[in-house]
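Sequence lines, in order, name chains A and B.
Okay, so the first sequence: first residue is 0 according to numbering that gives the first Met the number 0, each after it adds one.
Okay, so the second sequence: first residue is 0 according to numbering that gives the first Met the number 0, each after it adds one.
Hints were generated in silico from the structure; no laboratory data involved.
Careful, some of the hints might be misleading.
[To be verified] Calculated cross-link-like contacts (lysine to any residue; reagent style SDA-like; alpha-carbon spacing at most 20 Å):
#	chain 1	residue 1	chain 2	residue 2
1	B	K128	B	V161
2	A	K266	A	S323
3	B	K113	A	E181
4	B	K153	A	S57
5	A	K158	A	G289
6	A	K30	A	G8
7	A	K45	B	R84
8	A	K178	B	R84
9	B	K128	B	P99
10	B	K120	A	S142
11	B	K171	A	A132
12	B	K120	A	R19
13	A	K133	B	M75
14	A	K158	A	S142
15	B	K171	A	H40
16	B	K128	B	I54
17	A	K31	A	D206
[Stated by the list, open to error] Away from chain A, derived, C-beta distances all over 10 Å, residues of chain B:
#	residue
18	W64
19	M75
20	V119
[As the list claims (entries may be wrong)] If you anchor each label on the Cβ, the simulated ranges turn out as follows:
#	chain 1	residue 1	chain 2	residue 2	range
21	A	R4	B	R187	45 to 51 Å
22	B	P160	A	Q165	48 to 54 Å
23	A	T274	B	E124	58 to 64 Å
24	A	D140	B	I54	45 to 51 Å
25	A	V170	B	F176	40 to 46 Å
26	A	D140	B	E147	29 to 35 Å
Predicted model, so just to flag it, every value in this text is computed and none were measured.
Each residue gets a CB set at the ideal place from its N, CA and C atoms; glycine is no exception.
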Amino acid sequence: MSIMRINVGPIHPGTHGVLRLVVDVDGDTIKKVEPHIGFLHRGVEKLMETRMYMQNPSYTEKLDYIAPLSWDDLYVNTVEKALGVPVKEPAMYERVILLEFQRIASHLLWLGTFLNDIGQLFTVFMWCFRDRAKVLKLLEDVSGSRMFYVNLRIGGINKNLPEDFQQRAYVLCDYLENKLSEYLDVIEADNVFMERTRGIGTLSKKDAIAYGVSGPVLRASGVEEDVRKSHPYYIYDKIKFRVPVKTRGDSYDRYRVRYEEMIESIKIIRRAADTMPEGDATGMPIRLIGPNAKPDIVVMQEELPRGEGIIYMVPEKQRPYRISLRSPAFINLAVLPMISEGYKFADLFSIVGSLDVIFAEIDR
Amino acid sequence: MTETNEVVYTKEQFINAEKEMTLLTRESLKSYKKEYVPAMFAKFSDITKLAAKDIIRWGRANSLWPLQFGLACCAMELMDFGAARIDAERKGYLMFRGTPRQCDVMIVAGWVTKSIVPRVKRLYEQMSKPSYVIAYGECATSGGPWWESYNIVKGIDQVLPVDIYVAGCPPKPENLFKALMKLQDRIRGKYDRDTARSLSENLRSI
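Can you build the whole structure from these sequences, using the hints too?
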């Protein structure tokens, strides 16, 4: 049969943003996939070099608009390292709790949209958004904003948590745990979902390491690697938690890893809230001229919801001289041509969805 | 809302036509049958035309179909708008559709780069007319935080005719709901609620 070339995107409901895919199909079988990116490029690294240190969080949070706090925290952590300012003990606990809530919110959004792609239209989507709204409400009450919380300051957070925060966090954890177990009855009892994810888009352990993928995509292929375990930051070394690992590396395993990560995040939140010390967690207020940075190059890594994010920064006194970002989603997208080869065209969106790509971060 | 060959009636003309018709139907229908019946039908059609305009407006305003089209951050709030919390269908904004040919409203959510502009333009051209554009968020309104970037179009209004601007970074889904209700009012030919209110308040203060 002759090979037909199909253009998907850049504006397409299945591509999770502005991804353009040029697909060569033979009948219904994918022969070659060519991703075209760059539709959201705005030169954010260059823009960040023109700003003072604490002006930049409003740029970093727009890198990953599903989990804005995670990039924000990575950037502020890098700046703290460059300035040599230690983080206050209560602020560490609070940041970990907020980051894990953000991870849950991110995975919930992913789960809803992924099931929409697969064909379980809107049931789980509605549930996920209902529960995500509860998480966002808590984060809004803490920071003052619904989506872009610029609440991290050097050495701490902009203001102390509300008094009933701990209690509300416990209640929300119980609620989420309860609801997450309900999802399984709908998701995994559905044959369509299982048929469209099991054995689709298999990524072997060897290839996963060779391509440098990270996060849930890597852990679904059988590699136990999590920055929270291997290079612990904040209080992750004091908290006991499990890193979910699967072995087959297909779409189903990637879904399952994210699902179990949400449950682990709930446990982390509970344990952090149990042992949270009392005290002032406020950081330095933003001033026109802050403390000067040391002239050493700083590299910082953190486990973001999509994988391992790294910031490489050459600091000047008041602003970064050069800043470079390692986007996990960009590297995870690179395996798409390899793992989608040989599957049916309809499976392509199961594979793209399971990689959990985000284009603000990829195009930068 | 561009309708060619549109006949505009004053209120008086409308009332006269109505009176004439009732007269015609009551008396002397038989004797003037040959002459007046065609004229009567002509007048009927004029009146139905006038009524049809309102009916079409009513239909358009109450079944706005937005295009499923997200560029960046604001698309997350757009998804929240489509979820259960703000049940938008009760006001007539039906499901987000994937194809532009079934859609009336384009919600530009996110920053518009130079490479995506031709695509957005083409989507707008493919939409069924009349179509409306909402610039949702700072980036679509003016370029927002990326004002200094070399690859950003500073506002979608440089490319498309925008009906409503929604401010915020990102605006809450509730704000989009309000914007769509304003758009409905505009389609119905009413004043904006806020404009009318501010006018009346000004008059009162005078």
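Right, here's what the structure says about each hint:
{"no.": "1", "hint": "K128(B) <-> V161(B)", "verdict": "14 Å, holds"}
{"no.": "2", "hint": "K266(A) <-> S323(A)", "verdict": "33 Å, violated"}
{"no.": "3", "hint": "K113(B) <-> E181(A)", "verdict": "44 Å, violated"}
{"no.": "4", "hint": "K153(B) <-> S57(A)", "verdict": "18 Å, holds"}
{"no.": "5", "hint": "K158(A) <-> G289(A)", "verdict": "19 Å, holds"}
{"no.": "6", "hint": "K30(A) <-> G8(A)", "verdict": "18 Å, holds"}
{"no.": "7", "hint": "K45(A) <-> R84(B)", "verdict": "39 Å, violated"}
{"no.": "8", "hint": "K178(A) <-> R84(B)", "verdict": "17 Å, holds"}
{"no.": "9", "hint": "K128(B) <-> P99(B)", "verdict": "11 Å, holds"}
{"no.": "10", "hint": "K120(B) <-> S142(A)", "verdict": "38 Å, violated"}
{"no.": "11", "hint": "K171(B) <-> A132(A)", "verdict": "12 Å, holds"}
{"no.": "12", "hint": "K120(B) <-> R19(A)", "verdict": "17 Å, holds"}
{"no.": "13", "hint": "K133(A) <-> M75(B)", "verdict": "15 Å, holds"}
{"no.": "14", "hint": "K158(A) <-> S142(A)", "verdict": "8 Å, holds"}
{"no.": "15", "hint": "K171(B) <-> H40(A)", "verdict": "25 Å, violated"}
{"no.": "16", "hint": "K128(B) <-> I54(B)", "verdict": "17 Å, holds"}
{"no.": "17", "hint": "K31(A) <-> D206(A)", "verdict": "18 Å, holds"}
{"no.": "18", "hint": "W64", "verdict": "14 Å, holds"}
{"no.": "19", "hint": "M75", "verdict": "6 Å, violated"}
{"no.": "20", "hint": "V119", "verdict": "8 Å, violated"}
{"no.": "21", "hint": "R4(A) <-> R187(B): 45 to 51 Å", "verdict": "46 Å, holds"}
{"no.": "22", "hint": "P160(B) <-> Q165(A): 48 to 54 Å", "verdict": "51 Å, holds"}
{"no.": "23", "hint": "T274(A) <-> E124(B): 58 to 64 Å", "verdict": "59 Å, holds"}
{"no.": "24", "hint": "D140(A) <-> I54(B): 45 to 51 Å", "verdict": "47 Å, holds"}
{"no.": "25", "hint": "V170(A) <-> F176(B): 40 to 46 Å", "verdict": "28 Å, violated"}
{"no.": "26", "hint": "D140(A) <-> E147(B): 29 to 35 Å", "verdict": "33 Å, holds"}
When each numbered hint is compared with the structure, violations occur for hints 2, 3, 7, 10, 15, 19, 20, 25.
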